[in-house]
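**Q** Here's the letter readout for the chains.
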Amino acid sequence: MLKIVYLLLGLALLETVIWYNISSADFISKTLMYGSEKSPLCLFLIITVTMSLLPIESHARYAHLMMLVSAPIYVIISLIGFRNIHWNYVLPSYSMQELQRIDIAAANLLFMFSPLAAIPLINAGDKQQMRISFHAAAVIVLVCASYECYMQMLGIGIFGIHTAQKFVHLSQYIINSVRVENFIIDRMIFFGILLWTLTFVGTVPFLLRMGLFALCKTIGIRFSKITLLVGGVLVSGLILLTGSRITVQKGVVLFGYTDLLVIVIIPMCLYLTTLRKGNRQ
Amino acid sequence: MRKSVFAMLVLVLSNLLASCSNIKQINHTTFVTAIGVDKSEKGVRVYALSAIPGRFGALSSSGGGGDKNPNYILQASGRDIGEALFEMKRKNSKDLNFGQCQIILFSEEISKQGLNPYLDVFMRREQFRITSWIAITKGSPDKVLQLQPKVTESSSDYLVNMFSQAGSDTYEVLPIYLYEFFSYASEPDKTPYAMYIIPDPKEAGLQQAELALFNEDKLVGKLTSRETAMLQMLQNRKLKPTTITTSKRSYQLLEQHTKTTFRSNKLFISTKMKAEITDASNQSHFSESQLKEAEEDLSDYMEKQLTSLLDSMQSMHVDPVGYGGKYRLYTKSSFERKTWLDNVFPKMPFTVKVTVELRQATRY
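In order, the protein sequence lines correspond to chains A and B. Each number in the working numbering corresponds to the 1-based position in the first sequence with 4 added. Each number in the working numbering corresponds to the 1-based position in the second sequence with 12 added.
These are calculated hints, taken from the structure and not from any lab test. Fair warning: this is a prediction, and the values are worked out from it, not measured in the lab. A couple of the hints might just be wrong.
[As the list claims (entries may be wrong)] Here are the computed distance ranges between Cβ atoms for each label pair: (1) Y151/A / L303/B: 51 to 61 Å; (2) K103/B / Y151/A: 42 to 52 Å; (3) V147/A / S345/B: 20 to 30 Å.
[As the list claims (entries may be wrong)] With a straight-line Cα cutoff of 25 Å, these simulated DSS-like cross-link-like pairs (lysine-lysine) come out: (4) K304/B / K260/B; (5) K124/B / K51/B; (6) K278/B / K344/B; (7) K51/B / K284/B; (8) K170/A / K350/B; (9) K316/B / K344/B; (10) K230/B / K260/B; (11) K316/B / K271/B; (12) K155/B / K271/B; (13) K170/A / K7/A; (14) K230/B / K338/B; (15) K170/A / K338/B; (16) K260/B / K286/B; (17) K150/B / K230/B; (18) K51/B / K234/B; (19) K229/A / K15/B; (20) K34/A / K101/B; (21) K230/B / K170/A; (22) K34/A / K106/B; (23) K284/B / K260/B; (24) K103/B / K34/A.
In this text, a Cβ means the ideal position worked out from N, Cα and C, and glycines have one as well.
In isolation and in its complexed conformation, chain B is listed as follows (with noise of 0.2 Å):
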C-alpha cells in the first residue's frame, strides 16, 4: 500500500515537473510548410509558408478544399535568421511550429554569396527536420511559395512530392536533404547542389529545369535538365524512369552502373547501361545489326554527353559526383579540397566509355 501511495507521489509530480500542465494547444499553433530565405537590406528576409488546416480538402468540414489559398505567408527581416524568425513569432498571435516544414528555398542572390551562414540554425534547432529538402529560387522564394498548383492543394505539397519521389520520379530531378547540403559544404570529397524552382504562373504550377552547383557553399553555376540525369548516372543512383533521346531515336533505361578508378593520375570512368528502344515509328523489329547501330547510337550519345558534363564540372570547379573522396584514397596523402578544386582536377585528364546493351524491342 505504501510503496503504491509513493509511487502515484512520484508519478503525479514527475508530470508536473515535466510542465504537462503547461502544454501549447494545437488549435494555438501556426505550422510552417516551407520556408524562404532571401536578402534584405538588413540582412534576410525570412518568408514562411504556413498552413490553414480548415482550407486543406482533407481537413475542412465541408470535405472539400474551396478556391481559397489553403496557406498564407508570414515574413520578417532581421541580422540572420534567427532573428528574422523571432520577430515573425512577435508579430503572429499563435506560436509557430517548424516541425512540419520540409523545403528550404534560398534565393539566388543569397546562394552566390555563401548558404552557410544560413544553414546554421536549421541544423543547430532540433525543430527542424534535417531532412528537408533545400532548392534555390530565381528571384524571391516567395513567388514560388504563394504559387497554388493546379494539381496539389500546395507548393510545399508539390515539392514533396517531386522531392521525395513519391510522385512523379525521374533521373532530372537531383534533390538533396538539408544535412547531405551541410555536410557537403564542409567535407573535402564532395561539393553540394541543389534543384532551381522556378514558378510558371500560366500553368500554375512550378518547374524543376535546372541544377545549381555549388563552390563549398557559394553558387557558381548550373546544369541542365539532361546533364542533371548524366551526373546522377556518374553518381552510380539508383535507377530512376528515364528517357534518353539521341537524334535518331528514344530510349528507355533499364540498368545502368558507373565505375570510377584512377590510374597515373588519370580519371576512368566506365559505364555499363541496358536499355530499351521506346520509340521508332517507322520500325516494328530490329535486326542484329541495326541493334548494333543502334548501341553504337546510344553510347556515342552518351559518351559526349558525359563528357561534356566532365568538362562543364571542370570549367566550373565543382565536384558534385564526388572524385575529390576518391583521389583522397587513391594518393593516401594530405588532401585539401581547395588545391583540389582549383588545381587538380580541372587539369585532370579523364577517359569515358560506355557500353550499352540494347533489349530486341519488338512492337506489341
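Isolated chain A, as found in the complex (with noise of 0.2 Å):
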C-alpha cells in the first residue's frame, strides 16, 4: 500500500517536472525567437538535473533567496497591473453555467497545488524539525498557489473570461499588459522572462529530487546521487522524445487527477483510516 502511495506521490510530481520543463521552454523559445524550443529545453534540463544533485538544504536556501528577490518584483508588477483591471468581468466570481465539467475544473486547480505533494516526502530527521520544516513548506507552497490563483484572477479582470482562456500563458500576458512610462525597463516582458527563469530554477529541481526519492521508495532501491543522475537523464530523455506543449496540456487534466489522489483523496483515507483504528484502541 506504502508503496503505491510512493508511485503516486512520484508520478505526480515528475509530471510537474515535464509540464514545468516544457512549458518553460516553450515560453523562453518564444520570446526570446528561438524558434524551435529544443534549445531552451536542453538547457532547463540540465539545469533541473544539475541542480537535483545539490542536497535539500541548498534548495531551501535558494528558495529562501528567491522569495526575497522575485517574489516583491512580482507582486508590484501584478499590483500596477490593477490599473487596468476591469471589475466587471470578474464578477459574478461563480457561475454555474460556465462550470460544465466539475471534474476537469478540480484537475486544473489540483495541478496548481501539485508542489504540495512534495512535502510528505521531505525527511528533517528528528520529530520537531520535521513539523517545523512540513509546516513551513506547507505555508509557502499555499501561498504560492494562491497568489497563482489571484494571478488567474487578475488575468480575468485585465483581459475578460473570453479572452484571458485564450492565453497559454496568462500571468506572462498579465505582465506584458503593465506599461509603466519613463521607466527604465522598457518592456515587462523581460521582467516575465528572468522572473519565470528564477520560479523555474527554484521549484523544478526540488519537484525532480522529491519524485525521484519517491520512486526509488517505490523500487525499493538506495536513494543516492548516482540514481538521481540516472532517473534525471532518463526523465529528460523521456521529455526530449516526447515531449511537446500540445501533447502537455492534453495531459493538464490527467495530472490534475493524480494531484487530486496524492494531495486530497489518499492523506484523507490515511486519516480516516488512522482515526477508526484509534478509536478501536
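If you follow the hints, you should be able to join the two separate chains into one complex; please do so.
**A** Below, the structure is given as C-alpha cells:
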C-alpha cells in the first residue's frame, strides 16, 4: 500500500517537472525567438538535473533567496496591473452555467497545488524539526498556489474570461499588459522572463529530487546521487523524445487527477483509517 | 576542485546550448517602430516604418538629425499579415525586429470589414507588444507613416507622445491598447474604439480629430472630438486637462465623477463636476447669482451633450462605455452581446443628470 502511495507521489511530481520544463522551453523559445524549443529545453533539463543533485538544504536556501528577490517584484508588477482591471469582468466570481465539468475544473485547480505533494517526502530527521519544516513548506506552497489563483483572477479582470482563456501563459500576458512610462525597463516581459527563470530554477530541481526519491522508495533501491543522475537523465530523455506543449496541455487534466489523488484523496483515506484504528483501540 | 570544474563545464555547455554563439548583431537588425495594414488585391498590404538610427538627432555622429527622413517604409502584400511580414523579411537584407513597434494603424476600409482576423498575429507573436496602440487612418496608412512632423522626427514618435499622454494629454484623445481592443472585440461587456489619424501635409503634422466606434470588430461610426471628451467622462476616466466651451463662456474641468445605475430597466447617469471659469472677458468677479447662472449654463450644456452622445451610441448599436457589463450584473441572467447591442441597449430609456459646482473665479 505504502509503495503505491510512493509511486503516485513520484508520478505526480515528475508530471509537474515535465509540465514545467516543456512550458518554460515553449515560453522562452517564443519570447527570445529561438524558433525551436529544443535548445532551451536542453538547457532547462541540464539545470534541473544538475541542481537536483544538490542537498535539500541548498534548495531551501535558494528558495529563501528567490522569495526575497523575485516575490516582491512579481507582487509589485501585478499590483500595477490592477490599473487595467475591469471589475465587471471578474463578477460574478462563480457561475454554475460556465462550470460544465466539475472534475476537469477540480483537476485544473489542483494541478496548481501539485508542489504540495513533495512536502510529505521531506525527511528532516527528528520529529520537532520535521514538524517545523513541514509547516513552513506547507505555508510557502499554499501562499504560492494562492498567489497563482490571484494571478488568474487578475488575468480575467484585465482581459475578460473569453479572452483570458485563449492565452497559454496568462500570467506572462498580465505582465506584458503593464506599461510604465519613463521606466528604465521598456518592456515588462523582460522582467517576466527573469522571474519565470528564477521560479523555474527554484522549484523544478526540488520537485525532480523529491519525485525520484519517491520512485526509489517504490522500487526499493537506495536514493543517492547516482540514482538521481540516472533518473534525471531518463526523465530528460523521455521529455526530449516525446514532449511537446500540445501533448503536455492535453495531459494537464490527467496530471490534475493524479494530484487530486495524492493531495486530497490519499491523505484523507489515511487520516480516516488512523481515526478508525484509534477509535478501536 | 572537481566541483568547480564540473560547474564550469555545465556553464560553458549551457551557453552553447542556448545559442549564444548564434546571436544576431544589432547593426544587422531593422527596427520597426510602426506598422500599417491596408487592403490589397491579394489580401492585405503591410507597411512597416523602419528606423535608420544614425539619422535620429540623439544618435547621429554630428549631434543633429539633419533634414533627411530618419525612417524608411518597407511594404509587402500577402493573403494574411503573417505572409506579408515573411515576404517583407525575405526582401530585406537585415533581420526585422518588431519589439520597438508601438503603433499599429489600420485603414478605414479594412476596419469596416472587421479587425479580428488581423489582430491575432499581433497578439500571438511574443515579439509584438500587446501594449501597442491601435489607430485608424482615412485612406492608406502609409500616408501617415511617411509624414515627417515638425515637432518630432518621426510620425511614430509623434503618435507615441500623443497616445502615451506623456506629451499633450486631453479628454479629446482616447487611446486604446492592442490587448484592450482585442478583449473588447471578444467580451460581451464593451465594444472597442480607436482614434482616427489624419495626415495634415500643410502643417506637416497629424490630426486626431475623431474616434472610430466598432460593433464587435467592425467599424460602424465615429464621434467628434467633443463627443470623445464626453465619452471619457461617461467612462469615468481619470481627469485630463479639458476646456468645455458653451455658447456663453469657457470652463476648465477640475474634477468629475460619473455614476451609472440601472433601475426598472432604465439607465440613470449622474455626473458631478467641478470646474472653473477660464474665459469671461467682460467680468473680473462673479457674484453668487452669476455663478449659479454659470453653473446652470454648464450643466444644461453637459446634459444636452451627454444625451446626444447616448442617442448616437444607441443608433450606432455600440457600447464603448461598457453599460453591457453593468447590465449583465444588474439582470443576473444569461447575457448575450448581440441581444444587448441590437435589441436591449438601442431601446433602453435613460436619464442624464449633471450637477456642476463652479469655483469662484477671480481675475489675478
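**Q** Next, verify each hint and record whether it holds.
**A** Against the structure, the hints come out as follows:
1. Separated by about 53 Å at the C-beta atoms, Y151/A and L303/B satisfy the suggested range of 51 to 61 Å.
2. Between K103/B and Y151/A the beta carbons are some 47 Å apart, a value that agrees with the proposed interval 42 to 52 Å.
3. Checking the proposed 20 to 30 Å range against V147/A and S345/B shows it is violated: the Cβ atoms sit about 37 Å from each other.
4. Distance check on the hinted pair: K304/B and K260/B sit about 14 Å apart at the alpha-carbon level, within 25 Å; holds.
5. The suggested pairing of K124/B with K51/B holds, with an alpha-carbon distance near 11 Å, which does not exceed 25 Å.
6. Annotation: proposed proximity of K278/B to K344/B holds, straight-line Cα distance about 16 Å (limit 25 Å).
7. Proximity of K51/B to K284/B is assessed by CA-CA distance (about 45 Å); at most 25 Å being required, the pair is judged violated.
8. Annotation: proposed proximity of K170/A to K350/B holds, straight-line Cα distance about 21 Å (limit 25 Å).
9. In summary, the hint linking K316/B to K344/B is not supported, as the alpha carbons are separated by about 32 Å, beyond the 25 Å threshold.
10. For the proposed pair K230/B and K260/B, the alpha carbon gap of about 39 Å is over 25 Å, so the pair is violated.
11. For the suggested pair K316/B and K271/B, the alpha carbons sit about 17 Å apart, so the restraint of at most 25 Å is met.
12. The hinted pair formed by K155/B and K271/B fails the criterion: a straight-line CA distance of about 41 Å is larger than 25 Å.
13. In summary, the hint linking K170/A to K7/A is not supported, as the alpha carbons are separated by about 40 Å, beyond the 25 Å threshold.
14. The straight-line distance between the Cα atoms of K230/B and K338/B is roughly 23 Å, inside the 25 Å bound, and the hint therefore holds.
15. Our distance criterion of 25 Å between C-alpha atoms is met by K170/A and K338/B, whose separation comes to about 24 Å.
16. Simply put, K260/B and K286/B have alpha-carbon atoms about 18 Å apart, close enough for the 25 Å limit, and the pair holds.
17. The straight-line distance between the Cα atoms of K150/B and K230/B is roughly 15 Å, inside the 25 Å bound, and the hint therefore holds.
18. Note on K51/B and K234/B: the hinted pairing holds, with a Cα-Cα distance of about 21 Å set against a maximum of 25 Å.
19. With a C-alpha separation of about 14 Å, the suggested pair K229/A and K15/B falls inside the 25 Å cut-off, and the hint holds.
20. At roughly 18 Å between alpha-carbon atoms, K34/A and K101/B fall within 25 Å of each other, so this suggested pair holds.
21. Among the hinted pairs, K230/B with K170/A is consistent with the structure: their alpha-carbon atoms are about 21 Å apart, no more than 25 Å.
22. Distance hint between K34/A and K106/B is fulfilled; the C-alpha atoms sit about 20 Å from each other, no more than 25 Å.
23. A C-alpha spacing of about 21 Å is found between K284/B and K260/B, which places the hinted pair at or below 25 Å, so the restraint holds.
24. Taking the CA atoms of K103/B and K34/A, the gap is near 23 Å; set against the 25 Å cutoff, the hint holds.
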